[in-house]
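Chains E and P supply the protein sequences, listed in that same order.
For the first sequence, our numbering begins at 1 and goes up steadily by one.
For the second sequence, our numbering begins at 1001 and goes up steadily by one.
The set of hints was computed from the structure by calculation and includes no laboratory data.
Even for Gly, the Cβ is constructed at its ideal location relative to N, Cα and C.
Hints should not be assumed to be uniformly reliable.
As the list claims (entries may be wrong) - Estimated spans, in silico, between C-beta atoms of each pair: (1) P:W1117 x E:H22: 51 to 57 Å; (2) P:R1094 x E:E9: 42 to 48 Å; (3) E:R119 x P:L1216: 56 to 62 Å; (4) E:G136 x P:P1096: 24 to 30 Å; (5) P:L1162 x E:R119: 26 to 32 Å; (6) E:R132 x P:A1282: 32 to 38 Å; (7) E:A112 x P:Q1225: 50 to 56 Å; (8) P:R1094 x E:A112: 33 to 39 Å.
Said to hold, decoys possible - Calculated pairs, SDA-like style, for lysine to any residue (alpha carbon to alpha carbon, straight line, at most 25 Å): (9) E:K233 x E:G220; (10) P:K1168 x E:D71; (11) P:K1168 x E:A114; (12) E:K233 x E:A223; (13) P:K1168 x P:I1076; (14) E:K233 x E:N197; (15) P:K1168 x E:R97; (16) P:K1168 x E:T92; (17) P:K1168 x E:S95.
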Amino acid sequence: MAEALLELEDVRARYGPVAALHGVSLSVGEGELVAVLGANGAGKTTTLRAVSGTVRRSGRIAFAGRSVARDSPEAVVRAGIAHVPEGRGTLTELSVRENLRIGAYVRRDRGAVAEDERRVLGYFPQLEERGRQRAGTLSGGEQQMLALARALMLRPRLLLLDEPSLGLAPLVVASIFGIVRALNEEEGLAVLVVEQNAALALEASSRAYVLEVGRVAVEGPSAELRRDESVRKSYLGY
Amino acid sequence: MLLSFDWTQLAQQVVIGLASGGVWATLAVALVLIYRSTGVVNFAQGEMAMFSTFIAWSLVHHGLSYWGAFFLTIAISFVGGVAVERAVIRPIERAPVLTVVIVTLGLFFLVNGAARWIWTPETRSLPNAFSTRPITVAGVAFSIQDLGTIAVSLAAVTLLWLFFRFTKLGLASRAAASNPVASRLVGVRVSWMLALGWGLAAAMGAISGMLTAPALASFDQNLMQPVLLYAFAGAVLGGIDSAFGAVAGTLLLGVLINLLGTYVDWVGTELRLPAALAVILAVLLVRPAGLFGRAAERRV
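Okay, chain P solo, but in the shape it has when bound (with noise of 0.2 Å):
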């Protein structure tokens, strides 16, 4: 039995879910740049992502090439995000966290709403990013559609982690979260290091939204409600408060749900989902901070 094993299908599986982790692994990280700044979860962040993957949309049916929509698209979704922090998180910053989640609650239905006013809901598509051809690697084939959306997905996790660890903009981001206080004490625009955040976050969404629509055959404005959820579990694995550990969590959960899809017989495809969220409890269960996040230290 176990000679007989098909390590090529495993290779495989592993490498589909690594792919869709990839693309949770991006709003994941979104998430997380939003919870460590502003202490709530941004409930809109996939709608968002959404809105954004339709601007990339437009643009391609205006004759812009795939790529050319996807860092047309990043740029404007970072403009965006920081619009949106100022329009609307701005005027809330010394609110109470409920306040801020109702908020990013509201904007989940607002820019829902505008996307279908904008687009009307009909579907729609996107052309592949990637060609469709499989790719042989030491005798295994592969899709090069997933090894491109991993490729892009961790190149733009990894930029962004280059930018907070060696930038000195990023340092003043990553001091404005931890400490807003001392921040302003050392000349830090705390409330602009904010809304840099929203529109970083906007801008990894983006990236998680135009890697999401061009794998479906045809998407429309509930496209990244799932992936939102996917996600936000992955976060909440690895831990909330750790980009890290969103990146970890999100991809561990990718290969996971595929797995359990795969080689568990009775999950099959309806119980994926379930299924790997009973294994997230149970994880939780043992360490509540998630895989790689801190235990919350609660300041006196």
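With the rest of the complex left out, here is chain E (with noise of 0.2 Å):
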């Protein structure tokens, strides 16, 4: 296997004196959409925080072929990295349109950014009409689809991506998993997505990782997961 783009060997995170994570080691490749399951307080949301720096870490985090295991978030962000954090991140007083301006904070090539503002509300039709309207009064589904445009706007190499279907109808949930099949499938995007919904994580992603307790229990292409029933069993609960 070729170098990946994010490799992540032995990452240990705690809260204060409460550890969370105890040796992650996982990989994502370029172009790979891979899905890290697990159930509540297994890890799953720590391990991102662990590769956008927003949670005391150790261990190595490589990315595109350089470690980021000491960088800040606002550094990791700049080496190309998204995050779409868990409860989706709103800034709620400022408008739709301002959000996704601010999605490109770290930019600089203002003609570039224009242009993916147009690309990325192609996407998201309904962010759209709703430019000038302040974030906070959004539904769910499209506060998770502004935050999902917003990390967009940052144009990322690998998009992290908490609990996409957290507290979603179903209907709301399938587009947004649609949309970021297509994100993967058509341009190539990296996606690392936490996901409680078991099934549909393994039907939108190429390999999956199981965690407990803060270690990987399980690893392997999501369709062989999927058709393992003693890990859906014992690990998945469906």
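Using the hints, put the two standalone chains together into the complex.
This is how it looks when you write it as structure tokens:
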């Protein structure tokens, strides 16, 4: 296998005195869509936070051949990793347009940013209509789309996606996953997605990791995990 | 009775009220800036403004014109505000709100003491920023000083609004105040945005102080304490989380106080402040978030 885009090796993280990751190793290849599954408290969200630097972490984290393990969140963004956080991180007081514009905050190529805004809005026509509206007034599904659109405005090489389905109606979830897959397939965007809804995530991803209390318990191609009844029963609960 | 009403006097009193309100508005906007990003009222804002005014006095004393000192003081105050945030507020960024409040109270005494130590507690005066002659508009005589004060306050507030509304840095500041965690995830250096806010607040305070001082025959280190009270009252009236509300609230308060003092005999000059505060209290009973504020949205 060629050098992966993102590589985690023995990554540990803690919240104050409480350890949340006990040595997680995983990788995301260029243009790959990878899922991280597991029960509540298994360390899924923390894994994403370790990559983006929003939690204290140790171990090896390499992105595009360079270590980002000691980088601040602001520096990780500049390296080309966009993180859509748990709860969507909507900038509620800003307008929808302003939310998009802040997504491109670290970019200096103004012309390309304007072009990307049109391209991104092409994926989310509902947001276009609500451009001047305060983002806090959007519905949950629209806010999730806005979070995704804002992350895309960075023109990232890797997208970290935390529980995009949380609290949303099935139809909205399907549409969001459809867009994520399209971005992955058409634009070659690499995605690391954390999901509670294992069936959905295994359907969309090519490979998956199952976390259990801060460690990788199972890993493999998503199609195989889906067929493996024992994995399904003991870890995924469906 | 109604026919003999003196419209000229009303117009004059409204302008005088707007002039005091404008001065309070610049300080109120400074309070709102800090409140929105830090969640506390900076009790030292008035003292920092007083300190800036003494810097302006020193510059004038060393031969600068009023307006030369005015702009230089704004620049110095901006840098000073950033420095205060880095030195005093940054170390307690993650501390509970009450800790931050206590620190701003400490800052109040620290800045006041420093000003007394540097400039000694004797009274000073600043030259007039504007001509003291009156000007006649539509047959009514106004003081140029009052009109100039209103113009400078509104210009300062408008410039600040344009900065926040139309610049990338302004957008990043608003983002940082709205959701610090998500802002870091798009690469905004949130901690520096707080420092920027303190710098801008200090600069606005400096303007407030430098407009307050020349209108007085003399001033000392207690110059800004009443101004802080009025600014705070006006900001609460308009909605402490809204810069627009703070400006509207302070202007309204300025006019209200002045008209109460002029037209309600038993209020006179002595009861102006209590009467105005009673009105504010009545408004807040009906609209707790202020006239233009949004009711607090609690995140859980």
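Hint check:
Under the hint 51 to 57 Å, the C-beta atoms of P:W1117 and E:H22, about 56 Å apart, fit the expected range. Here the CB-CB span from P:R1094 to E:E9 is close to 30 Å, at odds with the stated 42 to 48 Å. Between E:R119 and P:L1216, the C-beta spacing of about 59 Å keeps the proposed range 56 to 62 Å intact. In this structure the hint that E:G136 and P:P1096 lie 24 to 30 Å apart at CB holds, the actual value being about 25 Å.
Between P:L1162 and E:R119, the C-beta spacing of about 29 Å keeps the proposed range 26 to 32 Å intact. Evaluation of the 32 to 38 Å hint for E:R132 and P:A1282 yields a pass: the beta carbon distance comes to about 35 Å. For E:A112 and P:Q1225, the Cβ-Cβ distance of about 52 Å falls inside the hinted range of 50 to 56 Å, so the restraint holds. Take P:R1094 and E:A112: their Cβ atoms lie about 37 Å apart, and the range 33 to 39 Å holds.
Restraint check for E:K233 and E:G220: satisfied, since their Cα atoms lie roughly 16 Å apart, inside the 25 Å limit. Simply put, P:K1168 and E:D71 have alpha-carbon atoms about 24 Å apart, close enough for the 25 Å limit, and the pair holds. A distance of roughly 14 Å separates the Cα atoms of P:K1168 and E:A114; the hinted pair therefore holds under the 25 Å criterion. Straight-line distance between C-alpha atoms of E:K233 and E:A223 comes to about 16 Å, which keeps the hinted pair within the 25 Å bound.
Among the hinted pairs, P:K1168 with P:I1076 is consistent with the structure: their alpha-carbon atoms are about 23 Å apart, no more than 25 Å. For a cut-off of 25 Å, the pair hint linking E:K233 to E:N197 stands: about 14 Å separates their Cα positions. Restraint check: the Cα-Cα separation between P:K1168 and E:R97 comes to about 13 Å, which is no more than 25 Å; the hinted pair holds. Distance check on the hinted pair: P:K1168 and E:T92 sit about 18 Å apart at the alpha-carbon level, within 25 Å; holds.
As the CA atoms of P:K1168 and E:S95 are separated by approximately 14 Å, the hinted pair is consistent with the 25 Å bound.
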